[in-house]
Amino acid sequence: MDILKGLNQRQREAVKWAQSPVLILSGPGSGKTMVITHRIAYLIKELGVNPFNILAVTFTNKAADEMKKRVAKLLMAGRGSQVAGRRSQGNKRQATSDMPWIATFHSTCARVLRHDINQIGFDRNFVIYDDLDQLNLIKECLKELEIDPKQYRAPAFAAAICRAKENLIDYESYLIYTKTREDFYREMTAGVYEHYQKKLFKNNALDFDDLIMKTVELFREKPEVLEKYQERFIHILVDEYQDTNHAQYAFTKLLASKYKNICVVGDEDQAIYAFRSADIRNILEFEKDYKECKPEVFPLSMMEDYRSTQPIIDLANNLIVYNEERRKDKGKIILPKGKKKRKGPVPVLQELPDELEEADYVLGEVRRLHGEKKVPYHDMAVFYRVNAQSRVLEDAFRKARIPYAVVGALGFYEHKEIKDILAYLRVLINPKDSLSLKRIMNVPPRGIGKVTIQRMMDFANKKKITLWEAVRKVEEIKGLSSRSQWLVKNFRNLMFKYMELTRSLGVGELIKKLIKEIGYIRQLEKADTFTSEMRIENLKELIDAANQFEERNEDKSTQAFLEDVSLICEIDTWDDKAKAVTLMTLHNAKGLEFDTVFITGMEEGFLPHANAFREEMELEEERRLCYVGITRAKRHLYFTYADRRRLYGTTYWGLASRFIAEAGIEREEMAVPRGERFKVGVIIIHPEFGKGKIIKATGFGEDRKVEVVFAGGKRKKLAIKYANLQRI
Numbered sequence: 001m002d003i004l005k006g007l008n009q010r011q012r013e014a015v016k017w018a019q020s021p022v023l024i025l026s027g028p029g030s031g032k033t034m035v036i037t038h039r040i041a042y043l044i045k046e047l048g049v050n051p052f053n054i055l056a057v058t059f060t061n062k063a064a065d066e067m068k069k070r071v072a073k074l075l076m077a078g079r080g081s082q083v084a085g086r087r088s089q090g091n092k093r094q095a096t097s098d099m100p101w102i103a104t105f106h107s108t109c110a111r112v113l114r115h116d117i118n119q120i121g122f123d124r125n126f127v128i129y130d131d132l133d134q135l136n137l138i139k140e141c142l143k144e145l146e147i148d149p150k151q152y153r154a155p156a157f158a159a160a161i162c163r164a165k166e167n168l169i170d171y172e173s174y175l176i177y178t179k180t181r182e183d184f185y186r187e188m189t190a191g192v193y194e195h196y197q198k199k200l201f202k203n204n205a206l207d208f209d210d211l212i213m214k215t216v217e218l219f220r221e222k223p224e225v226l227e228k229y230q231e232r233f234i235h236i237l238v239d240e241y242q243d244t245n246h247a248q249y250a251f252t253k254l255l256a257s258k259y260k261n262i263c264v265v266g267d268e269d270q271a272i273y274a275f276r277s278a279d280i281r282n283i284l285e286f287e288k289d290y291k292e293c294k295p296e297v298f299p300l301s302m303m304e305d306y307r308s309t310q311p312i313i314d315l316a317n318n319l320i321v322y323n324e325e326r327r328k329d330k331g332k333i334i335l336p337k338g339k340k341k342r343k344g345p346v347p348v349l350q351e352l353p354d355e356l357e358e359a360d361y362v363l364g365e366v367r368r369l370h371g372e373k374k375v376p377y378h379d380m381a382v383f384y385r386v387n388a389q390s391r392v393l394e395d396a397f398r399k400a401r402i403p404y405a406v407v408g409a410l411g412f413y414e415h416k417e418i419k420d421i422l423a424y425l426r427v428l429i430n431p432k433d434s435l436s437l438k439r440i441m442n443v444p445p446r447g448i449g450k451v452t453i454q455r456m457m458d459f460a461n462k463k464k465i466t467l468w469e470a471v472r473k474v475e476e477i478k479g480l481s482s483r484s485q486w487l488v489k490n491f492r493n494l495m496f497k498y499m500e501l502t503r504s505l506g507v508g509e510l511i512k513k514l515i516k517e518i519g520y521i522r523q524l525e526k527a528d529t530f531t532s533e534m535r536i537e538n539l540k541e542l543i544d545a546a547n548q549f550e551e552r553n554e555d556k557s558t559q560a561f562l563e564d565v566s567l568i569c570e571i572d573t574w575d576d577k578a579k580a581v582t583l584m585t586l587h588n589a590k591g592l593e594f595d596t597v598f599i600t601g602m603e604e605g606f607l608p609h610a611n612a613f614r615e616e617m618e619l620e621e622e623r624r625l626c627y628v629g630i631t632r633a634k635r636h637l638y639f640t641y642a643d644r645r646r647l648y649g650t651t652y653w654g655l656a657s658r659f660i661a662e663a664g665i666e667r668e669e670m671a672v673p674r675g676e677r678f679k680v681g682v683i684i685i686h687p688e689f690g691k692g693k694i695i696k697a698t699g700f701g702e703d704r705k706v707e708v709v710f711a712g713g714k715r716k717k718l719a720i721k722y723a724n725l726q727r728i
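Take the sequence shown: its letter number 352 is residue 352 in the numbering used here, and every next letter is one higher.
No wet-lab data here; the hints were simulated from the structure. Do not rely on the hints blindly, as some may be mistaken.
Stated by the list, open to error - Simulated crosslink set (DSSO-like; lysine-lysine; CA at most 30 angstroms straight-line):
#1 Lys5 to Lys332
#2 Lys62 to Lys253
#3 Lys579 to Lys68
#4 Lys464 to Lys419
#5 Lys228 to Lys45
#6 Lys579 to Lys399
#7 Lys399 to Lys68
#8 Lys374 to Lys328
#9 Lys179 to Lys199
#10 Lys374 to Lys199
#11 Lys513 to Lys526
#12 Lys198 to Lys222
#13 Lys69 to Lys16
#14 Lys294 to Lys330
#15 Lys5 to Lys62
#16 Lys419 to Lys512
#17 Lys328 to Lys419
#18 Lys489 to Lys516
#19 Lys419 to Lys438
#20 Lys291 to Lys328
#21 Lys473 to Lys513
#22 Lys253 to Lys328
Claimed, not checked - Cβ-Cβ distance ranges computed for the label pairs, FRET-style:
#23 Leu501 to Asn611: 47 to 53 angstroms
#24 Ile465 to Asp170: 43 to 49 angstroms
#25 Asn611 to Lys691: 47 to 53 angstroms
#26 Arg367 to Leu501: 51 to 57 angstroms
#27 Glu394 to His686: 36 to 42 angstroms
Just so you know, even glycine gets a beta-carbon here, dropped at the ideal spot from N, CA and C.
Work out the full structure, taking the sequences as your base and the hints as a guide.
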């Protein structure tokens, strides 16, 4: 099989270039995944690079899995003599591997730390805390520091700590910087950050942001470890480079600093994650970072759009040129050379009175497209700027009994019963995890009350030991009744038993046995409610998930399963094959594509968001966000905005978003479908009844009906489709 088959000329050049660092500038729908996977296959099959020496990193498990499948398919074709004759660059004595390392940033760093974190003081069996665990631990910190959680909320501290870690600012540096400024809140945050980090260390736990920060710390403090991974990953490929934050940038820069064999793919026009500390300068200044190697840039190799129709491409090009913070050598999105112009339907702009009619309009078009155009539900998506906008849309879809799925809703692994069982597993592999231990000691209820748990925690703090060590020494704790001690000892024996079983049972069987022994399902069955039935189904699904994990992974351990679960993000849990319309924020939409896209809430203050009015760079990011939404559509694209919108208990009177005019959507042929030009108050002429005024209008598009009062007071109800009305 020819590795370069199916690529255009510039894509071929980008795949084959191997002499220096490479920046491949991509565009929406341009097949960047195809280019990066073909480059990996080309390195292996044509240049003889050992897959063991290749690392490819991206941002979601879905993207990583797709890359793995494509690379595997390319490598399977023609396998034989080429593989047998492969040579390893850099370290020829290393064993060959069939597949390169393709994973997310966080899972890559988790694997590195699982091998070497002991060199910076942690145990290798650390656990990874999710967002809710992080909040709970911060709440503990606030309590211990005697900070009023009502006046100073835990999520605000969590956000500040997250931003610090994304920029590689540890709590010591944060504290030093704070002392140079008179900022009471920042000083308080510094104290919480320090206390929080020390509790994480005591629990042998990392939060999500620690995974990259601690890996960078490991590389910087232990040069021999860095060199080991530099020799392992001689060729590095980074997907969606415009989305990297400072920590991710530092991680890849350190790895690539020896051989400089780095290829990054990205599009600065789709940089929409500044709120997660993503830094657009990483892609804009790539050449400066590797200037001694004279990096090669392919600014036009990926600008051919294989996804959208010409009218959609035109809107995207019109909009994005208003941004200043973009590469000047990039050019516009174009259709592939030699391809016929994909005309497609004209994008639609629809003004609605309020958010309720907006939802009804979207619903009506979904029905029409599904019925008349045979567009599958799963190939339609409704985008909005903020999560709260989804409620009205959900209500409309639910009442109409049209299947829908909300990306970003409560995920499977966030349900209480699932988190309870996962907390058991965490303690089994890492008894130092006091947060999880405290959660499960009386779950399901076994008589170990809050007072008992608090006395054990007080004992642990006094003795400077972990909560688990206090459980092991429960007989020494004064003030506990003999019954309380007996209950704690029973729990302790249960945990000892299952700590042994983790060594012999697969994670699926372990979970099944544990749930049965602790009586979790028995307790839910006694409740006999709809909610309890759903929770039982969730627990059964967890067992299935664990079994499936064992089937597809070489490492079948409980620790590996927990790590896999902890690194799942919102989009990874979304089923793109489900027969349902997708509802999601614009931020979640990047990387996806649909036949039909609705961008709702196109009003000043929503898109662009009101918070972006302060600085031009923030407004440019909002414009990129709209650009991303537009370029998700393959054929049908709708924009809606409301004259007034009720949200957060307040009514907002809307002005049409500036992005509508910038994209050129206000051209007459694109303004509104014919039916919606006949609104209440419009003066019309009927070929039989003459001049009249519309006093009522219902429905949309071809289904629109109006009530008109004619001269002399005569009223008529007319269907726009057949009435042949003319506006004056």
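Here is how each hint holds up against the structure:
1. Lys5 to Lys332: holds (25 angstroms)
2. Lys62 to Lys253: Roughly 24 angstroms separates the two Cα atoms, so the pair holds.
3. Lys579 to Lys68: holds (25 angstroms)
4. Lys464 to Lys419: Given that 30 angstroms is the threshold and the Cα spacing comes to 27 angstroms, the pair holds.
5. Lys228 to Lys45: It holds: about 25 angstroms lies between the C-alpha atoms, which stays within 30 angstroms.
6. Lys579 to Lys399: Given that 30 angstroms is the threshold and the Cα spacing comes to 17 angstroms, the pair holds.
7. Lys399 to Lys68: violated (40 angstroms)
8. Lys374 to Lys328: Violated, because 41 angstroms separates the two Cα atoms, which is more than 30 angstroms.
9. Lys179 to Lys199: Holds. Lys179 to Lys199 sits at ~23 angstroms (cutoff 30 angstroms).
10. Lys374 to Lys199: The hint is violated at about 56 angstroms.
11. Lys513 to Lys526: Holds: Lys513 and Lys526 sit about 20 angstroms apart, inside 30 angstroms.
12. Lys198 to Lys222: Within the cut-off at roughly 21 angstroms; holds.
13. Lys69 to Lys16: holds (21 angstroms)
14. Lys294 to Lys330: Measuring from Cα to Cα gives roughly 18 angstroms; hence the hint holds.
15. Lys5 to Lys62: Given that 30 angstroms is the threshold and the Cα spacing comes to 25 angstroms, the pair holds.
16. Lys419 to Lys512: holds (15 angstroms)
17. Lys328 to Lys419: Not satisfied, since the Cα-Cα distance of roughly 49 angstroms exceeds 30 angstroms.
18. Lys489 to Lys516: holds (20 angstroms)
19. Lys419 to Lys438: Holds, at about 13 angstroms.
20. Lys291 to Lys328: holds (19 angstroms)
21. Lys473 to Lys513: Judged against 30 angstroms, a Cα distance of about 27 angstroms means the pair holds.
22. Lys253 to Lys328: holds (25 angstroms)
23. Leu501 to Asn611: 47 to 53 angstroms: Distance hint for Leu501, Asn611 holds at roughly 51 angstroms.
24. Ile465 to Asp170: 43 to 49 angstroms: violated (26 angstroms)
25. Asn611 to Lys691: 47 to 53 angstroms: For Lys691 against Asn611, whose Cβ atoms are near 48 angstroms apart, the range 47 to 53 angstroms holds.
26. Arg367 to Leu501: 51 to 57 angstroms: holds (53 angstroms)
27. Glu394 to His686: 36 to 42 angstroms: Since the Cβ atoms of Glu394 and His686 sit about 40 angstroms apart, the hinted range of 36 to 42 angstroms holds.
The structure fails to meet hints 7, 8, 10, 17 and 24 from the earlier list, while all remaining hints are met.
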